[in-house]
Amino acid sequence: MLGLGADRLRADMNRLLAFLFHQGILDEQFLQLQQLQDESSPNFVSEVVNIYFHESEKLLRNLRSLLMDREFSDYKKMRIHLNQLMGSSSSIGAKRVRNVCVAFRAASEQNNRAGCLRALEVLEHEYCFLKNKLHELFQIEQQRVLAAGVRYPMQN
Amino acid sequence: MSCSSGTGNFVKLSRLLGEIHKMSMNGKLSGPNCRLSANFRLKKAKETMHGSNSFRKWKRNLLFLWLLGFVFTGIIWFFLSFNSVASERNEKSPDSCEEKARILLQNFNVSKNQFHALASFFYESDQNISQRSALGVQSKDCCQNLSFCMVKGCLLLLVGVLLSCKIPGVCLKCWKNRKNEPVPLQPVAQQLQLLLQQKQQQQAQSSPKGAGKWRKKLLIVFVLLGMLTSFWLFWHLNQKIILRREETLANMCDERARMLQDQFNVSMNHVHALAILVSTFHHGKHPSAINQKTFGEYTERTAFERPLTSGVAYALKVLHSEREQFEKQHGWTIKKMETEDQTLVQDCLTENLDPAPVKDEYAPVIFSQETVSHIVSIDMMSGKEDRENILRARATGKGVLTSPFKLLKFNHLGVVLTFAVYNKDLHPDATPEQRTEATVGYLGASYDVPSLVEKLLQQLASNQTIVVNVYDTTNASAPISMYGTDVTDTGLLHVSSLDFGDPLRKHEMHCRFKQKPPLPWMAINASVGVLVITLLVGHIFHAAICRIAKVENDYREMMELKARAEAADVAKSQFLATVSHEIRTPMNGVLGMLKMLMDADLDAIQRDYAETAHNSGKDLISLINEVLDQAKIESGRLELEDVPFDLRSLLDNVLSLSSDKSNDKGIELAVYVSNRVPEVVVGDPGRFRQIITNLVGNSIKFTQDKGHIFVSVHLVDEVKGTFDVGDKVLQQGLNLVQDTSSKTYNTLSGFPVVERWRSWENFKILNDKDTMEDPEKIKLLVTVEDTGVGIRLDAQSRIFTPFVQADSSTSRHYGGTGIGLSISKHLVELMHGKIGFVSEPGIGSTFSFTGAFGKGEVSSPDAKWKQCDPVVPEFQGLRALIIDNRSIRAEVTRYHLRRLGISLDIASSMESACTYLSSTCGTSEFAHLAMILIDKDVWDQETVLHLRTLLKEHGQNGRLDVSTNLPKIFLLGTSMSPVERSKLKTAGFVDNVLMKPLRLSVLIACFQEALGNGRKDQVHRKKTSTLGSLLREKRILVVDDNKVNRRVAEGALKKYGAIVSCVERGQDALDKLKPPHDFDACFMDIQMPEMDGFEATRQIRSAETEVNKKLASGEASIEMYGNVSHWHVPILAMTADVIQATNEECLKFGMDDYVSKPFEEEQLYSAVARFFESG
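Chains as they are written, first to last, in the UniProt record's numbering: chain R, 1 to 156; chain B, 1 to 1175.
Next up, chain R with everything else stripped away, as it sits in the complex (with noise of 0.2 Å):
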């Protein structure tokens, strides 16, 4: 029984998973960082996504507090904030923010500050979207993991 959970739960992830692919939500290098995950650091994902969403919240802040400024000016800070908000959002996968972060960037190297504006708001949406969605895989997972005992996703 408990095995059968488990094969359910895990259809299920790959399921989600699959749809993040079919959206364009994740890329590989998602893949990838499963890979790296072992015996050695069984909550290697988890772990960076988490210091991913807290950098990431924090990064979002301060963008929203450079744009909301009334003598806003400083486009060079915020480039910097996104630069490294791209290449944490590259580095987990999360291909859909980092395409927004390109084209923020780019609103941001013209300094149009409405179509940063906007750029931020789609941001923040699909930042939540993917948190949701990551939040609901590990969810998953985790019941996977309670499930089948010790056992882990990707095989090496």
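Any given hint could turn out to be false.
[To be verified] Covered stretches of chain R (chain B as the covering partner; in silico rule of three or more C-beta atoms under 8 Å from a C-beta of chain B): (1) 20-29; (2) 37-49; (3) 80-93.
[Claimed, not checked] In silico BS3-like pairs for lysine-lysine, Cα to Cα no more than 25 Å straight-line: (4) R:58 / B:359; (5) R:133 / B:1043; (6) B:336 / B:359; (7) R:131 / B:1043; (8) B:595 / R:133.
Calculated directly from the structure, the hints in this document are not laboratory data.
None of the values given here were measured: they were computed from a predicted structure.
Yeah, the Cβ is synthetic: ideal placement off N, Cα and C, and Gly gets one too.
Following the hints, complete the assembly by docking chain B onto the known chain R.
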């Protein structure tokens, strides 16, 4: 004439123009055929477009002007020469006239005596004749000159036209020569397009229509000028003709007048002489020596001297007082002249006349010439005219003329000349009274003017052409006609005055041409000629202009179309590239997910489905790649790589891919590589494989359930030397020797094939025996032979065209896009080779291609090659026997076994195999015989059983371990179901069944299994462990400001067993990496706040060099720095965007290499391997 210098100038001018023209042509007509040159030209044109445009126009106009100038100069020259001839003539004629006059005058002045006069007369007439002939000659000359000039003019025009035609031709040639210079520029499609657009715009700006209009205007002006010239010419020539006519008339008239005058004068002189004679012999003698008889005789005999007089008479001056005495003396009375009936003079006899009335004095005629004897005794004073005449004559002492009147007796107009006879010599200044006093008589002579003139005119030339009238114009208001009839006015009239020696009387001669002047044909001809020439030239130029305009129009249209076509081409390529790329991206997703799916726990069927989907996806990707290849080839961007590869294993791979399909169809598939082909060649394996796959794929597609597909590879050199072909397969290919009586052919499957050699007979590389061979290069000849449906003859010419198949129905039957052969052709051409084929419908096709490859080192690191390497030695030295009835097939098997080091004997049938076995029994050969391969075609269960027992016997004889060391028996089959195979195996007939196509890996696996010393293949996935071993226990510092990245990098590196430390900032890295430290490597992010990767690296390097300096100089001991003599920690940059510039920058700042973020295993391995492999 200055003609030669003129033409010299023309030549110079034309040369100059020719050069200019050349340049202009350069700009204008460059070929739209060659894209390279077009590109080059466009660049040039871009630079000098505006300048050259106007320049070009100007030059064209100049050419036109030159032509016009040429034509006009020619015309003018022609007329000048014509005029000069005419003036020459004009000059001549007055000259000759003057001369003539002089001679005449001289002659007449001298001719006091008659003979002289006569002689001169004859001379004159002679002269006349000679003149006449001279005139004729002159006019002939003139005509010749004229025609010569015409011819010259026409020639000139012709030369001009020809030159103007030639020059562009010459220019074109020159220009072509120039064009042929190599233009080494690579066309970049977009640039080209841009340039084309620019060019188009500029063309539009230059508006060639304006130029055309301008040219047309010029042409109209030219034609108008030509017409004006012709009119002027007509007028000019006509004037000339009229003038000449007038001159002729004047000349003739003057001539006649002078002659008339001279003759008259001669006669007058004679009459004068007669008067003196009378005075001397009649009055000076007593008695008189003259009576009527002597006078009459004398005058009669000297009448020839006075050809113009009709008669002479002498009248005595008789006063009234002396009348009676006189009458008595002569015996007749003085009679009165009857003026009233002068018309009937002849009838009136002297006797009938009345006696003269009483007057003061009388002048009765006493002597007279016989012709006028009827006037004897008539008183001359009684006639009014005569009386006046007599009075005037005796007063002046000179000859006096009457006005013309009808002569007595003659019904003619005439004048009477009267001389007075004096009784003494008078002083020339004597007064009229003295003269009257001295007068004793009067001598009169009547001149018959009409006959006089008539006679005169008859002696002159061309008396037919002119009409002469002579008038007495003493009374200017009423001239009296003395000669000639009234003629109608014919336009021209010349009047010459006549002087007959009587100052009171005035006479004139009026001359007219009899006919009206003829039409001036010459002028008409000349002007019409010029007009026609002008119109013709105009027409030619008009046609040329139209043509130019048309060509220009066409050219522009073509350029536009070309631009559009090229733009479309570029767009197509871009579209293809984009679309292919866009398709590939999601396809990669699909393939990735399928791969994942296959990794998941699936049952067999699900896995099969997934694999099928995966394979289809791969096929789709390869198709897309093909399309992309075509696009790339079309834009010339495809480049071949040069890597060493094993040709044989590559062919094995290709065959294994195709084997499924061929087995399904029951087609035999075989590959053969000549043993002279090196094991490893350098080239582009991917592209080579693509060509072979294409050809084999086509062959499979078009071969139906029978026959074979045979791929063979030879060196080109092998084919060249056809006389000593050692290779049996090639022999078979070259001379397909088969006797038609035996129904099978010596081919792989026994089906007939086309003559293979014909597919490569056109290759230059083969026929060219003298080509310098690059020793580093080898040329391969690959042939793919099949027994398919063949290609229809009419379709054979177009099968290499992209997207064209031999038959439009082909795609319906066999599928495919028809792109494969086109790509193959391009690829072969990129390999400096050629592709050709020969095909016969119903028999099959053979495709051949050549390609140049480099010779590879056998030890080249090629993974696939090495993979098989350890397996091969265990078969080395073994022997095998193949039983096959087809030698070619046996050769193919031999080739495969030779690769494993197994030597092969061939037996053509089971029986011969048995005899072979018995003959070799007991020898070492038999000891080494490890396997017997039997082809399916000769398979026979009984014989096999027989063979087995035979083997067993021999084995026991040879004391071999029967169970293990007996030769194994394999069956070679093309298409057999698994059931069949297992049945044969379990029945113990054979040890195993080998499925064709033979492949090295299959052979190895099969033999290993059969020979019992099979090992598990453990040669894959070494790399992971390699990377792990490389990085194991290495201390690595990761510098990245991004927490996530840091964590990921750490995780990745830890996975390979590295000990990883992380720092967040460049400054921290500096502290950590300050020597001495124990890090083996450092991964450094480039983009970091505060201190970026480059800066950090720079500082680390500078710190290291400082330490190294200290160490080198001995300032610091090695122990202080951890026993390391030279500090240099490998620093690898981590960067998200890997582009060349970044790479170079990395190296510039002292980094050792770079890896892209996120980590990729391969790249990481190759980067890290550099540093840790040696250590």
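Going down the list of hints, with the structure as the test:
With a threshold of 8 Å between beta carbons, the proposed coverage of the segment 20-29 of chain R by chain B holds, since 4 of its residues qualify and at least three are required. For the segment 37-49 of chain R, the stated coverage by chain B is satisfied: 7 residues place a CB nearer than 8 Å to a CB of that chain, which reaches the threshold of 3. A stretch counts as covered by a chain when three or more of its residues have a beta carbon under 8 Å from one of that chain; for the segment 80-93 of chain R and chain B the count is 10, and the coverage holds. Between residue 58 of chain R and residue 359 of chain B the CA atoms are separated by roughly 174 Å; this puts the pair beyond 25 Å, and the hint is violated.
Distance hint between residue 133 of chain R and residue 1043 of chain B is fulfilled; the C-alpha atoms sit about 21 Å from each other, no more than 25 Å. About 11 Å separates the Cα atoms of residue 336 of chain B and residue 359 of chain B, which keeps this hinted pair within 25 Å; it holds. A C-alpha spacing of about 17 Å is found between residue 131 of chain R and residue 1043 of chain B, which places the hinted pair at or below 25 Å, so the restraint holds. For the hint linking residue 595 of chain B to residue 133 of chain R, the alpha-carbon distance of about 23 Å falls within 25 Å, and the restraint holds.
Comparing the model with each earlier hint shows a violation of hint 4 alone; every other hint is respected.
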